[in-house]
Every structure is written in structure tokens, then in C-alpha cells.
Amino acid sequence: MIVLKVKEKGHLLNIPGMIPVRSPVEINISKFNVDLVITSLRKQGIKNYEITESDDTSDKKIERKQPAEIVVKEDKFYREEINKKFTNLENMISELVKNRTGNTNENKEQITDKLDTLELLTRHLLNKQRDDILEEKLSKDEPEIEELDKFIPKVNIKRMELKGKTTKTIIKQDEVDPDDVDLLSQLLDKK
Amino acid sequence: MSEAAKEEVVENLEKKKVKIKDEIISIGLDLGTMHLVSARSDQQDVKITRNVFLPLDESDIQISELSDISYVRGEDGDLFIIGSDAFKYANIFGQVVSRPMEKGLISPKEISAIDVLTLMIKDLIGDVQGKEAYCSYSVPAQAIDEGRSITYHENVFARILKSLGINYTSVNEAMAIIYSECAKEKYSGIGISFGAGMANIAVSYKGIQALAFSTARAGDWIDKETADSLGMVQNRVTSVKENYMQFSGEVLIKNKKTKRVLEALYYYHKALIDYTVKKIIKEFDEKVDVEVDEAIPIIISGGTSMPKGFVEIFKDIISGYDLPFEVSEIRRASNPLTAVANGLLVRTMSDVRGMK
Numbered sequence: 001m002i003v004l005k006v007k008e009k010g011h012l013l014n015i016p017g018m019i020p021v022r023s024p025v026e027i028n029i030s031k032f033n034v035d036l037v038i039t040s041l042r043k044q045g046i047k048n049y050e051i052t053e054s055d056d057t058s059d060k061k062i063e064r065k066q067p068a069e070i071v072v073k074e075d076k077f078y079r080e081e082i083n084k085k086f087t088n089l090e091n092m093i094s095e096l097v098k099n100r101t102g103n104t105n106e107n108k109e110q111i112t113d114k115l116d117t118l119e120l121l122t123r124h125l126l127n128k129q130r131d132d133i134l135e136e137k138l139s140k141d142e143p144e145i146e147e148l149d150k151f152i153p154k155v156n157i158k159r160m161e162l163k164g165k166t167t168k169t170i171i172k173q174d175e176v177d178p179d180d181v182d183l184l185s186q187l188l189d190k191k
Numbered sequence: 192m193s194e195a196a197k198e199e200v201v202e203n204l205e206k207k208k209v210k211i212k213d214e215i216i217s218i219g220l221d222l223g224t225m226h227l228v229s230a231r232s233d234q235q236d237v238k239i240t241r242n243v244f245l246p247l248d249e250s251d252i253q254i255s256e257l258s259d260i261s262y263v264r265g266e267d268g269d270l271f272i273i274g275s276d277a278f279k280y281a282n283i284f285g286q287v288v289s290r291p292m293e294k295g296l297i298s299p300k301e302i303s304a305i306d307v308l309t310l311m312i313k314d315l316i317g318d319v320q321g322k323e324a325y326c327s328y329s330v331p332a333q334a335i336d337e338g339r340s341i342t343y344h345e346n347v348f349a350r351i352l353k354s355l356g357i358n359y360t361s362v363n364e365a366m367a368i369i370y371s372e373c374a375k376e377k378y379s380g381i382g383i384s385f386g387a388g389m390a391n392i393a394v395s396y397k398g399i400q401a402l403a404f405s406t407a408r409a410g411d412w413i414d415k416e417t418a419d420s421l422g423m424v425q426n427r428v429t430s431v432k433e434n435y436m437q438f439s440g441e442v443l444i445k446n447k448k449t450k451r452v453l454e455a456l457y458y459y460h461k462a463l464i465d466y467t468v469k470k471i472i473k474e475f476d477e478k479v480d481v482e483v484d485e486a487i488p489i490i491i492s493g494g495t496s497m498p499k500g501f502v503e504i505f506k507d508i509i510s511g512y513d514l515p516f517e518v519s520e521i522r523r524a525s526n527p528l529t530a531v532a533n534g535l536l537v538r539t540m541s542d543v544r545g546m547k
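Just so you know, the protein sequences line up as chains A and B, in that order.
For the first sequence, my numbering gives the first residue as 1, with consecutive numbering after it.
For the second sequence, my numbering gives the first residue as 192, with consecutive numbering after it.
Keep in mind the hints are simulated off the structure, nothing from the lab.
Don't take every hint at face value.
[Stated by the list, open to error] No farther apart than 27 angstroms at their CA atoms in a straight line, the calculated lysine-lysine pairs in the DSS-like style are these:
#, chain 1, residue 1, chain 2, residue 2
1, A, K43, A, K154
2, B, K313, A, K154
3, B, K294, B, K470
4, A, K154, B, K294
[Claimed, not checked] Covered stretches of chain B (in silico footprint by chain A; criterion: 3 or more residues with CB under 8 angstroms from a CB of chain A, positions within the stretch not fixed):
#, stretch
5, 230-239
6, 253-261
7, 387-400
Glycine included, every Cβ here is placed at the ideal spot set by N, Cα and C.
So here's chain A without its partners, still in its complex pose:
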């Protein structure tokens, strides 16, 4: 039996072929295509759910999403990297101070310059790392367009017709100035 659990309150689960239900909920989805169920959940912005397959003896987890856990992992990884970089920086500064004996103004200036460079370098590295993590996270969250396209409902208006008097509001507007169009066309062409 395949079971979907949504513990978070307040969601209206609308899965094709199933009566809409409110969370928290636990439903048997054995008769449904699991991929379709996951896509429906995604469409509705539900991220915290659990799908389990169980037989008489054991439970087998199919997919489980716990955004909170991912964030913790990322934070831990991020903090470890920062600590590592700080330790490196500390060692480099100690080395620099050791090598530069005396206390002349020239030495002070050189040390300050080095420290500024190192600070900039560290900041740059940390920013890059954060961007990489964010980019990776975003690319994981965002489904591929082709994948989405499969689930976008087909439009079929052949069996429907529009009737009655139309209720549109109509506002008269000046014609678009061809010079404005030309200018935009030129500017966009330059791009």
C-alpha cells in the first residue's frame, strides 16, 4: 500500500481523480501514479509531505521532503567552511607577523594591506560559495520546463461555446505612434 502523509495543517489537497481533502491527512494513493501525485503537490506548493510504501513486514520510504533538514545541512556545511577559512586566515596572519619583526610604520602598513586583501578574498570566496549553494538549491527546486509541460492541461474548447451578450468595457485609445515602435525596435536590436 502506498500512503501519502501531509502533516502540515491548512492545505487543500487537490489531486486529479481524488476528492479534495484538507491537511493534516493520510491517504492511500496505491491506485494513483506517484509521479502525478508529487507533481500535483508541487503545483499546490506543498513541500512537506511523506510518501511511504508498506507491505506486511516493513515500511519503505519512496520520497520524503523535509526542507528544514536541508537548510540545517546547508548551514552546517556553510559554518564549517567559514571556520576553515578563518583558521587559514589566522595562520596566515600569524605567519606574516612572525616574519615581520620590528614595529616600523612601513611594516604596519604592509600588514594592514595584506589583511585588507585577505579580507576581500575571503568575502569573495564566501559570497561565491553562498551563490553556488543558492543556485544549486534553486535548480533543484525548479522543475524542468519539459517536465512541467507534460502536466499542463491540454486546452480543449471544441465542446464549449461562448454565448450571450459580451460584457467587455471598451476604451478608445490613440493609435500607437510608429516612431515609438521604430525607436524600441532599434534599441532592442542593439541589445
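On the provided structure of chain A, position chain B as indicated by the hints.
Just chain B now, kept in the frame of chain A:
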């Protein structure tokens, strides 16, 4: 070649030009949470309809009662009253209207209504049979304060236009305001669309988008917060806002309750503007790489900016901030309801010109 022959050639070329002009139609389609707006290159009429519908069963109503309104009839007896009449009949039947869009994007609750939405768009755009139609449709930018992606929304409307036989491309909603209103500034400026579901912001420099983002706070947010604060139904607040809200001029309302709603609406409008201005400054500081060396205008548009005096309140609030760009002027779009559709039309015509 004789003069007569030359004249004939020129005449034929002119005829051919006219034919090409007639066969290609450019369209601007603004897909808003509250309104759908369409502008066409071959018409001076900009058409607007409410983006709502009311599903009914055929047994609920006599078809003869529907002669004066617009509705969609399905093969299985389903009826959908579309546009502003949906509100009227929702009151009669004690039902709530369905809104295909929510917070600027296609609503996950109304996915099944895509066919109805398709017919509404078809009706709004009008006949394109036998012509080559090109359409730019509006899409919001990714919201900075909410995680919903615009990909699905963008693809659903692409599919709808494709099913109607129209060539399509998506264009950022706030950039469309620049295309509509900033020709004299060579398409440099900041466009802000205060819609119902979202506030969309774009910074354009010579027609090129330098920054675009949206926030999930706009007209619906104002209504909800006001309703929550006063313990009222949101629909009632929306109605008071649409009928009586103004920031300048004499207030003629005597009803105490309505006055209280207007007072709360005033505070939430100010809170919305303040929030949006702060976000513009932050995003500009962090993300704009282009060196904007000239003063640029800010154009305010969208249904939420309709109340009289809105732009003055905006000017008052923004003057309290140190901006990372120089502002030449803050002005309202020539028509806040149609500016996006008009800008999209300009963009489509420019794209079509580029194709020739």
C-alpha cells in the same frame, strides 16, 4: 521601363504593403489577477473584462435569463457566467465567484477552468482568423517575498494562445509600462504596476531590462489586512475601496462604518507604498550593475493606483528616502488600466518590425 510601367510597379508594391499590413495583427494581452485587457494594432479599442467566472448547473437557471450576459456553455450542461456579470449572479445564487488567477499567477485551485479562461481570452482578443497574429502577454517577475515560480503560469498561457493559433511571447508586466509610457525618455525609467495580486517593478535603461522583481503585496493584500483589522468580509472592503477610496479631495461619506473602512484602507495603502519603495531601494542597490547616469522617471500604474491622490502619497513617501538613482519625475500612466496592454502592443509591433 516606361513611366506608366514604373507607376504600375510602384502601385503593386504599395498594394502588397497594405496587404502585408492587413494580414499581420499585433496584440498586447495583459493578464491580471482582476482584469484581462487586450489591445490590437488594427483597432483603437482596448477591451477589458473582469478575470472571474461563476460555474452554474443548467438546472440552476433558465437559458432565457442569460440572454443579456456573456456565458460559456459546455457539452455536459455546465454553465459558466463570465466577466463582471459573474459577481451579480454570485450574489443572487449566494455563491462565490471563481478567480482563475491568484496573487498574479494562475491559481492552482482553478486549473480545471483553463478551457473557460481560453474562451474568455478568445472573446477578448476577437477574430484573428485568416490573419497572422502575434501577441505579447504579460507575466509577473519572480516575487522576492514569496516562493511561487512563474514557470507554470507562463506555460499555461503560452498553451492557451497556441490553441487559439496565435504566435506568442511573454513580456514582463512592469517593462510593458515602460514601453507604453517612456518613449520620450528613450525607454529608460522605472515602471511600477500596483495590481490586485502583486506589485511588479522593472528598471529599464534604453529599453533593456536592468532589474525586474515583484512582491506579493498589492491590492488584495490591502483588502485582506483591512478586513482582518476590522473583522469584515474582504469582498465588502474591496467594494468600499473601488467605490469611495481617494487620497485627495473632499470626503463626502457620512456613514461611520464606511469612513472607518476608508481610514484603514488609507493606512494600508501607505504601508504598501512604503514596503514597495524599501524593496526597490534594496533590490536596486544589490542587483543593478548598469551605471544610470541620468535622471529617470518613475511611472505608476495598475488598478490599485487608481484612487485619486495615490501618486501624491507615493511622492510623499519616496521623498523620505535616500534613493540610489536620480528621479526626473514621478507620474501616473496615461491610463493605469490599459498601460500594460498598450505597452505589450508596442513591444509586439516592435518585434514584428524587427522580423521584416
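Take a quick look at whether K294 of chain B and K470 of chain B sit within 27 angstroms of each other, Cα to Cα.
holds, 18 angstroms
Is the straight-line distance between the alpha-carbon of K313 of chain B and that of K154 of chain A 27 angstroms or less?
holds, 16 angstroms
Are the Cα atoms of K43 of chain A and K154 of chain A separated by 27 angstroms or less?
holds, 16 angstroms
Verdict on chain A covering the stretch 230-239 of chain B, criterion of 3 CB contacts below 8 angstroms
Coverage by chain A holds for the stretch 230-239 of chain B (7 residues, Cβ < 8 angstroms).
Does the alpha-carbon distance linking K154 of chain A and K294 of chain B stay inside the 27 angstroms limit?
holds, 23 angstroms
Are there at least three residues in the stretch 253-261 of chain B whose beta carbon sits under 8 angstroms from a beta carbon of chain A?
holds (count 5)
Proximity test - 8 angstroms, beta-carbon atoms, the stretch 387-400 of chain B to chain A, at least three hits:
Contact hint for the stretch 387-400 of chain B vs chain A: holds, 3 residues under 8 angstroms.
The structure meets every hint from the earlier list without exception.
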